[in-house]
Amino acid sequence: MGSRGRGRGGGLSFTHEQLQSFGINRGENTATTLAPPPLFPKLEAKPLPLNCDAATDYMVIVKDQFIEYLHESPAYVKPNTRTDGIERYSDKYKQLALDAKRGKVLDCVWGNMPAELRPQANRVRITARKRKLDDANVLSKKLQTLEKKETLDENDETAENKDENTVKKENENEDDEELEDEEEQEYEIDEGTDYANNYFDNGEDYDEEDDNLDDGPVY
Amino acid sequence: MSHQLGRVVSEILHQYFGEIVQKVGHDLFIYGSKPIPMIVKTTGLPRKQVVESLRSLVKFDLASFEPSFNEVVADYKLNPDNVLLLIRYPRYLLQIKTKFGSEAEILVEELLQQASCTASVLLVTVAAKYKDDKEKNITLVKLRDIFISIATARYIQQAPVADKSEVPSLEPVATIVPDIDIRQLAQAMATDTLADVNDNIYWKVNFDRFHQDFRDDIMVKAITRRIDENAGELMHLLLQQMYLTSAEWAAESNPTPALDLRDAVHRTDRPDCDRKLLQQYMDHYLRVLEENGAGFVVRVGEAGGGQYVVRGRHAATQLLLAALDHTVTERLGSKAARIFRLIRTKKYIEEDDIQKHAMLPNKECKELTYKLLEEHFISIQPMRKAASSGAMAKAVYLYHIKLHDVAQSLREMCYRALHNTLRRGQHTRAAHARLLDKQRRVRSIVHSMRVRGEPQQHIDDHTRAAHARLLDKQRRVRSIVHSMRVRGEPQQHIDDHTRAAHARLLDKQRRVRSIVHSMRVRGEPQQHIDDVEETLTPPELSTLKDVEARLKQLSAAQLALDKNLFILNWYFMYPH
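If you read the protein sequences in the order shown, they are chains A and B. Count the first sequence with the numbering used here and you get residues 1 to 219, in order. Count the second sequence with the numbering used here and you get residues 1 to 576, in order.
To be clear, the hints were calculated from the coordinates, so they are not data collected in a lab. A couple of the hints might just be wrong.
Within a straight-line C-alpha distance of at most 30 Å, the following computed BS3-like cross-link-like pairs (lysine-lysine) qualify [stated by the list, open to error]:
id : chain 1 : residue 1 : chain 2 : residue 2
1  : B       : Lys77     : A       : Lys104
2  : B       : Lys59     : B       : Lys34
3  : B       : Lys552    : A       : Lys46
4  : B       : Lys164    : A       : Lys104
5  : A       : Lys46     : B       : Lys363
6  : B       : Lys97     : A       : Lys42
7  : A       : Lys46     : B       : Lys545
Use the sequences and the hints to build the structure in full.
Shown next, in the form of structure tokens:
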């Protein structure tokens, strides 16, 4: 009941006196229309005639010519033809007409355009994305080094058999290290939450800092 | 960046560059600046088409780009102002034609079509185009001279130069009037080796220079209408003096001494002004210009026989006010215009005082005032009284005009009207795509028959058979229109329907003309030409005439609206 004491009734927001000052008399306040305004409202006054002199005629002609030129040029981008699956006799002619226009590329100053708009943009992209391994030379080199390694390993195999025990030990050591690593990782994960940390301060370290300061001069 | 502007820009793009460029342009207008993948995503168009549209937009300087954060990809941005300039192209051509003759017009037209072009390519293509035209007698030497003179007068300028990066940044360069080697060009033209000519300076049309001309014309014309031809000439000379001493669009020019002006009057050779009279009474004319010239010119000092300043900003405001007065008169009638002018002269005025001063009946006056308020021509400013008794006297409502806001709303109106006229013209083309297509097919059949050298009789038979169906359709449309008119449907609908039939007719007329032309060129007997021309029947011809008149009216309306927009933009050019 926020409106109590201010204005009467829910519908009107003005008093009669206020309405009268706006020029609305008693009974003239027509009900609000709920229909949307017409799409083409009636013109109240006929618009003035346009002046049609030779200059206007000239400009109209020039404008049409310019638009026609643009429509014939590749600047006018044509939509892809959509087929509805029905073959028509005219399809051939349509295709011919389209092909004649489609081949052309807009004649631009390509240096002033971003690279992605230039006609050879696709080629540029491919070279930019080239992977190292695709190059035959690099690939063969890599294979060669791998081969060499393999032959070296084969040579070492006899030696390896002799030192089997040491190797085993080494393996065991490595295993141990791996285990430790895993444990460490788990520990770190546990540390992830704040609750795992011990923030309790029993006050023992309270005076330690001062003592440290006294220990030696600060440079 | 208003909604109406977006609609106009999109409609213009549709008319000039087709549906797909329109989609891309509208997308850019809504989102500001974005890279290609984003445009592809929101428009749903294939990447290739988006790239093609962007090429068109960038070429004609309707969109700009700048490198986005990863340097290889560009962000594109639409320039709506440049799109609106497309409507003004005919006016540029008319201007250059009246100033420099038809050769200059041909050069500028070619340059507008190419957007930017090297001097050698431009000259050679134009010369090649008109090589066989004996009437115009265009030679390379003549073209070169005109090119240099319009470059000197800054109607064309050097296009910005790009650096060699993935996304080039365009740096504007100072225009240097070039030396063009005619012999080399003539050789290149004769041997068709234009590509070998080493010319990498690109040129484009300098729109701003044309706009200065338009502004001068408007000011001179305004003074001529207000005072007389001699005063107009004086205004013209003052503007010329202004160019010598101050920036082109300066709000107020540097002072020009009357002595300089007197010298200029001695030198003037304009046919439409009485030089003797102007010389004799120059001081009087200056006085009248100052007192009665809408404040375009003011006297600021006495040195050198009086110093005068041209006030461009004030002139723009005055012209805007005149345009506003007209708009109010045409929209709401002369009584509303009276109230509008009253509020303007009183600056801030109470409602009761409007009634007193406008001398209108109480109720009518209030109605008109509220209507003006509703259409955003005037604004209201409540003034609260601090402490007073009684509910009524609590606030005073002052009516006033916020010129900047009103100018904005007038511009919106212009955009909306422009959009409507464009839309109207577009309707014909869109609604009857199928008929147009049919027409094209007829043409291709005729063409292929002609190539195969079949007798003319067969060709005519084919065209007639194809046209019989079209004629039938035309008849049906007309009967629908008739019945609609009888039923008293609004003119709007009838117009739409009549125009529906016209797209095809217009196209047909063009085709027939081109066929006739080609036949004439090939020297075919008159008999055949007549036969083809007869495919356009008398009723079709009469409808055609009707439609052409209407389309011309729409185009003329667009040009007139553009003139209005020019004044508005001139007003907005100065900070307020």
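Right, here's what the structure says about each hint:
no., hint, in the structure
1, B:Lys77 / A:Lys104, "holds (25 Å)"
2, B:Lys59 / B:Lys34, "holds (18 Å)"
3, B:Lys552 / A:Lys46, "holds (19 Å)"
4, B:Lys164 / A:Lys104, "holds (25 Å)"
5, A:Lys46 / B:Lys363, "holds (25 Å)"
6, B:Lys97 / A:Lys42, "violated (41 Å)"
7, A:Lys46 / B:Lys545, "holds (23 Å)"
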